[in-house]
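This is what each chain is made of:
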Amino acid sequence: MVFLHITCSFLTEKQPNESYFNIEIKKKIEAFASETDFNKASLYFMEKNWDSTLVYSTKQLSNVTSNNKALVDYCYYYRGISFKQKKLLKEAKNELNKISSNFLFYQKVRLSLGEILLAQNEFKKAIDYFEKIEKLPDDYDFGFKRSVVLHNLGISYLHLEQFDKAEKYLLKSSELQLFDKDTIVLIGSYSGIANLYYSQYKDDLAIPYFKKVYQLSKKIDDFEIKRKAALNMAVVEENRKNYLLALAYRKEFETWKDSLNDQNKVWAIAQFEKKHAINQKQKEITLLELENKHKAEERNWLFYSCISLLLLLGIGAYSYNQKIKSNRIILAQKTELNKLNATKDKLFSVVSHDLRSSVNALKNSNVKLSESLKTKDIEKLNTLLKENSTIANSTYNLLDNLLHWALLQTRQPYFNKELLHLFFIAEQVAYNYKALMVDKNLCFENKISKSDRVYADQESLKIILRNLFDNAIKFSNQDGLITLYGLNKNESYYNLIIEDTGLGMDEVTRQELLKETIWLSKKKNEDGIGTGLGLQLCKSMIKKNGGRFMIESEKHVGTKIIVSLQKHQKNG
Amino acid sequence: MDKINVLIIEDTFDDSDALTKVLLINDYNVVGVATTFNEALTSFYNNDVDIVIIDVFLDGKTDGITFAETINAVPNKSVPFLFLTSSSDREIFKRAKLTQPFGFLLKPFNELEILYALEMAIEKFNNQTNVFLSEEQNTVITGEYLFVKKGKTLKKVRIDDIVYIEVEERYCNIITEKEKFVILISLTKILKILDSTKFCRTHRNHIINFEKIIEIVPTDNLIILAGNHRVTLSDKYKNVIKKIRVLK
Chain A
10 MVFLHITCSF LTEKQPNESY FNIEIKKKIE AFASETDFNK ASLYFMEKNW
60 DSTLVYSTKQ LSNVTSNNKA LVDYCYYYRG ISFKQKKLLK EAKNELNKIS
110 SNFLFYQKVR LSLGEILLAQ NEFKKAIDYF EKIEKLPDDY DFGFKRSVVL
160 HNLGISYLHL EQFDKAEKYL LKSSELQLFD KDTIVLIGSY SGIANLYYSQ
210 YKDDLAIPYF KKVYQLSKKI DDFEIKRKAA LNMAVVEENR KNYLLALAYR
260 KEFETWKDSL NDQNKVWAIA QFEKKHAINQ KQKEITLLEL ENKHKAEERN
310 WLFYSCISLL LLLGIGAYSY NQKIKSNRII LAQKTELNKL NATKDKLFSV
360 VSHDLRSSVN ALKNSNVKLS ESLKTKDIEK LNTLLKENST IANSTYNLLD
410 NLLHWALLQT RQPYFNKELL HLFFIAEQVA YNYKALMVDK NLCFENKISK
460 SDRVYADQES LKIILRNLFD NAIKFSNQDG LITLYGLNKN ESYYNLIIED
510 TGLGMDEVTR QELLKETIWL SKKKNEDGIG TGLGLQLCKS MIKKNGGRFM
560 IESEKHVGTK IIVSLQKHQK NG
Chain H
66 MDKINVLIIE DTFDDSDALT KVLLINDYNV VGVATTFNEA LTSFYNNDVD
116 IVIIDVFLDG KTDGITFAET INAVPNKSVP FLFLTSSSDR EIFKRAKLTQ
166 PFGFLLKPFN ELEILYALEM AIEKFNNQTN VFLSEEQNTV ITGEYLFVKK
216 GKTLKKVRID DIVYIEVEER YCNIITEKEK FVILISLTKI LKILDSTKFC
266 RTHRNHIINF EKIIEIVPTD NLIILAGNHR VTLSDKYKNV IKKIRVLK
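Chains as they are written, first to last, in our numbering: chain A, 10 to 581; chain H, 66 to 313.
Treat the hints as calculated values from the structure; they're not laboratory data. Heads up, none of these hints are tricks.
Restricting the straight-line Cα-Cα distance to at most 30 angstroms, the calculated cross-link-like pairs of lysine-lysine (DSSO-like) are: (1) K57(A) to K274(A); (2) K459(A) to K217(H); (3) K214(H) to K459(A).
The task is simple: from the sequences and hints, build the whole structure.
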C-alpha cells in the first residue's frame with residue numbers, strides 16, 4: 010500500500026488571511042514605539058526572518074522591567090512560530106505554552122500547538138486542540154480558515170484510522186476549500202479522502218478523488234505534488250491491473266521526478282553558480298578592501314603631511330609675525346632713540362651755546378675788571394664783581410644740573426630716602442639765593458612749619474628746591490614775592506608749594522612743561538640761561554622720590570609749583 | 066659752657082679754609098686741620114675732639130673712609146663724624162656708608178648746611194634725633210656732656226660741672242659753679258637720660274648732683290651745694306638722704 014503523504018500541514022499556515030494579524034502587530038508597534046526590541050522583533054516576524062525575530066524577542070523578554078503582558082505574549086508567540094518554522098518543535102511547544110489564554114490570537118496558538126502535535130504524531134492530543142477550535146461558533150474569526158482546522162482534524166483521525174470521523178472532517182474541509190478555491194489544501198484534503206477510502210478498500214470511492222487530485226495537480230506548478238499525484242494514480246491503476254494506464258502514470262511520475270531532479274540539478278547548478286559568484290564577489294570585496302586599505306593609508310599619509318605642512322606654515326607665520334613685531338619694536342625704539350639723540354644733541358648745543366655766552370660774558374667782564382682796576386674805579390669794580398658772581402652762579406647751576414642729569418641717566422647716584430626737616434632743607438637751599446633775591450629786591454618767605462617732615466632723599470630734594478628757586482627768581486619781576494609753604498592735609502602726601510608773583514605762563518607752555526623729554530628751547534624772557542633741563546631734572550627727581558609735580562599758573566599773575574612728597578615710608 | 070671741638074680732615078686748603086671760617090664765625094672750636102691720614106690720627110688722639118669732619122678723598126685716595134673705619138674700631142674714643150665729598154658716586158657712597166657716618170656734606174656747601182650737618186651728626190650719634198630742630202627741646206644729653214643749641218651754634222656743658230637743675234615748666238635752669246643758663250627740655254626727659262647714680266630729685270622742681278652736696282640740713286629741709294647754692298629737700302624725696310648715707 011502506497012500511502013500518499015499528507016500535504017504538509019505547515020503549508021496551511023501560509024494560506025489564511027494574515028492581514029488581520031499583521032494589522033494588529035502594526036498597531037502594537039505604534040502603541041509601543043519606545044520598545045525598540047519588540048518593534049524589531051515584530052518587523053522581522055512579518056518579514057519571516059525567524060532568526061532575527063528570535064534574537065530580538067529574547068532581548069525584549071530579558072528586558073523584564075519594561076514588559077507588558079500583551080507584549081510578552083506577542084514575544085512568546087513570535088518565538089513559538091519561529092521555532093516551529095525552524096522545525097524545532099519542542100522549543101516551539103514550550104514557547105507557545107507560555108502564552109496566557111487571554112491572548113488575542115489564542116486560537117492561532119492552539120492551532121499551532123495542534124499542528125506541532127500532529128507533526129510529532131501525537132494525534133490524540135492534536136485532536137484535542139483542533140476540536141476545541143472547531144467547537145467555536147462558525148462566525149468566530151480567529152484569523153485563519155476553519156477549513157484548515159477541519160483538514161487537520163481529518164488528517165489526525167486518518168492517522169488514528171478512525172475513518173468515519175476522518176471522512177467527515179476531510180469532506181467538510183474539502184467542501185470549504187473548494188468553496189475558497191484553495192487548490193493546494195484541497196489537493197491535500199482530496200488525497201486524504203482518497204487515501205481514506207483506499208485504505209478501507211473502497212476503491213470506487215477513492216479513485217475519483219485520486220483522479221480529482223491528479224486533475225488538480227495539473228493546474229499547479231509544484232512538482233512534488235504532481236509527482237505524488239501521478240504516483241498515486243500509477244499505484245491505483247496498477248492495483249486495478251490497468252497496466253497500460255499505470256505505465257503511463259509511472260512515466261509521468263518519472264517525468265515529474267526527473268523534472269524534480271532537473272529542478273534540483275538546476276538548483277544545484279544555480280547554487281554552485283551562486284557560490285562561484287559569491288566567491289568572485291568575495292574576491293572582489295577583498296580586493297576592494299585592500300584597495301580601501303591602501304586608499305586609507307594614502308589618505309592618512311596625506312592627512313598627516315597636510316597637518317605637518319599646516320603646522321610648519323603656522324610656525325612660519327608665527328615666527329614671521331614675531332619678526333615683524335620685533336622689527337616694529339626695533340623700529341619704534343630706533344625712532345625713539347633717534348628722537349632722544351636729537352633732543353640730546355639739541356640740549357648739547359643749547360647748553361654749549363649758553364655756556365659759551367656766559368663764559369664770554371665773564372671774559373668781557375674780566376677785561377672791564379682789569380680796566381677798572383687800572384682806573385681804580387672801586388665802585389664799578391664792585392658792580393662788575395657782582396655781575397660776574399651772578400653769571401658764575403647761574404653757569405654753575407647749569408653745570409650742576411647737567412652733572413646730575415648725566416648721573417641720573419647713566420649711573421644711579423647715591424639715593425637714600427629718610428625723614429627730612431623740610432623747613433631747614435629749604436632754608437639751606439634758599440641761603441644760596443639770598444644774594445640773587447636781594448639783587449632783584451625779592452621778598453622771600455618760608456612759611457613751612459618747622460615740624461613738617463617729608464620722606465625723601467636729601468640731595469635730590471635739594472636739587473629740586475634749587476631749581477624751583479632758580480626758576481621762581483628768574484621769572485619774578487623786580488620787587489616780587491616768593492612764598493614757600495606746605496599743605497599738610499593728606500595722610501600720605503605733603504604738598505610743598507613754591508609760589509611767585511612773576512611772569513606766569515600760558516596753558517600751552519604749562520602743558521609743555523609737564524610733558525616728558527621735551528626741551529624748551531630758548532626762553533622768551535631776559536637772556537637768562539634756560540634749557541628746560543632744570544625742570545626736567547626736577548621732574549625726574551620727584552618721580553624717583555615717589556612724588557608728583559604740578560603747575561598752576563596764570564600769565565602775568567604768577568606761578569604756583571606744587572610738589573607732592575611722601576610723608577612716610579610706604580609699607581612694602 | 067664750652068665750645069665744641071671740631072677736627073677737620075681735608076687736604077684742599079680752600080675747602081678747609083672756608084670750613085674753618087664758617088665754624089669760627091659760629092663759635093665752634095677747630096682743634097686742627099689734618100691733611101693726611103697720619104696727621105689726622107695724631108690730631109685725633111692728642112686732642113679732645115667732639116666731632117670730626119672728614120673729606121672722603123685725601124690726596125686722591127679714599128683715606129678719609131679708612132680713617133673713619135679706624136676710629137670706629139676704637140671702642141672708647143668713638144665720636145660722631147661726617148663725610149665731606151664732592152662726588153655723589155654710588156660706589157664711594159656705598160663704602161662710606163659702611164662706616165655708618167652720621168652725615169654727608171656735599172661740596173659745595175653753605176654755612177647753613179654745615180651747621181645743620183653738625184647738629185644732625187650729634188643727634189644721630191647720641192640717638193636723640195629731632196632735638197635741635199624742634200621747638201620743645203634744644204639739648205642733647207650724652208654721658209659726659211650736655212650739647213645745647215644757643216642761637217645758631219652748639220655749646221657743650223660737662224655734666225659733672227652741673228651743681229643742680231631747676232625745672233621751670235618747659236625749661237630747665239642749669240646751674241654750674243661758674244654760670245647759670247636755661248635749656249629747653251622737659252623734666253621727665255632729662256630724668257630719663259641723666260645718670261641716676263649721679264643725680265637725684267630732691268624736690269618737685271630740683272635735681273641735684275650728689276657730688277656737689279656740701280651739707281644737708283634735714284631740720285630746715287635744706288641742702289647746701291657747692292658754690293653755696295641752697296636747695297630745698299621736700300618730704301616726698303627725703304629718703305634720698307639714705308641713699309647718700311649709704312654711699313658715704
